[in-house]
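Numbering-wise (UniProt numbering), the sequence shown opens with residue 1 and increments by one.
If a hint is listed, it holds; no wrong ones were tucked in.
Pairs of lysine-lysine residues, derived as DSSO-like cross-links and limited to a Cα-Cα distance of at most 30 Å, are as follows: (1) K43 to K32; (2) K32 to K186; (3) K43 to K157; (4) K157 to K93; (5) K24 to K43; (6) K93 to K43; (7) K157 to K78; (8) K93 to K78; (9) K110 to K32; (10) K93 to K24; (11) K110 to K186; (12) K157 to K186; (13) K110 to K157; (14) K110 to K93; (15) K93 to K32; (16) K32 to K157; (17) K186 to K93; (18) K24 to K157; (19) K78 to K32; (20) K43 to K78; (21) K24 to K186; (22) K78 to K24; (23) K186 to K78.
Read the hints as simulated data drawn from the structure, not as lab findings.
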Amino acid sequence: MNVGIRIPAELPAAAETYAAAGIKVFRVRRNKTPYANCARCDKNSSLYVQHRPEECQCGVPTCHGFHAATTDIELVRKWWTEEPDANIGAPCKLNGWAVIDVDPRNGGYKSLCRLEERVGVLPGTTMQITGGDGLHMLYLSPGFDLPGEPFEGIDFKHNGYVLLAPSMHSSGARYQWPGTRNIFYKPEIAWPAALLPRKERPAAPAPRPTVRPGDLRHPFWKRTASRPGGGKMWTVDQLVQHVMDSVAGDRMHGRNNSFYFAACRAHELDAQGLINLAEAEAALLHAASAVGLTDSEARASFDSAANRPSDKGYAA
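With the hints as extra help, turn the sequences into a complete structure.
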């Protein structure tokens, strides 16, 4: 079970919390550059010596930027004692991550919508709201390099790094994890296969066998149910994804409608004997928290879905 980690509001304490959780971190300046390298690494310096980052012998622990990232709590404490206002950087690949970075200033959200129209809805995963009102979608590293900027306003970050909440953006806004409690969940979802380089994509899986109501050999989150009178076949993980997708659209109106739609479908699945409603409710409430709905809002919406009128023609 992925247990969320409460991230403190103060940068030094937050950096230590990440390190204690096994996330490698390092100091970053407000302009997003790492702290200075030594003269041996400066190509404009007379002391420059060509060498690999891990071979640098200058003795400065922040030399070579994100290559210095660590989980050593004592060193992290020392760094942020020296620079308490330093932002928190986390190298993607060194932490086992690959990140979709959506920048709204360059049309990132429109590109994200076009991307999903082309490859399908992306898997729900850990998301971070950036200080520039953008979005970081954190997935597990695929193990090989990815293109840097495949779409306008979207960057695939793998070899580089991202800032972590509560780092400060140049706009004055802070990075934050969705919801009001600033909870961080370690990424557990694999990088989407549809976004892999063509030569690395796995062969298409064989069609799934039809699942019959009451077939207990299949876990609840993989079972499907048809809409009354026909329509899309929904699984619980698809309903969770439907809620998560609302963060890329209208964050107030869209997320409420998306969650209510998912709650209605969950009650239908339960009525057909295909899922455990309590487990589905827990999964959907977790998704609701990730997109910023309060617990009371989500629970009220989920409960009201149980008393909804017939809606055979309702579609996402």
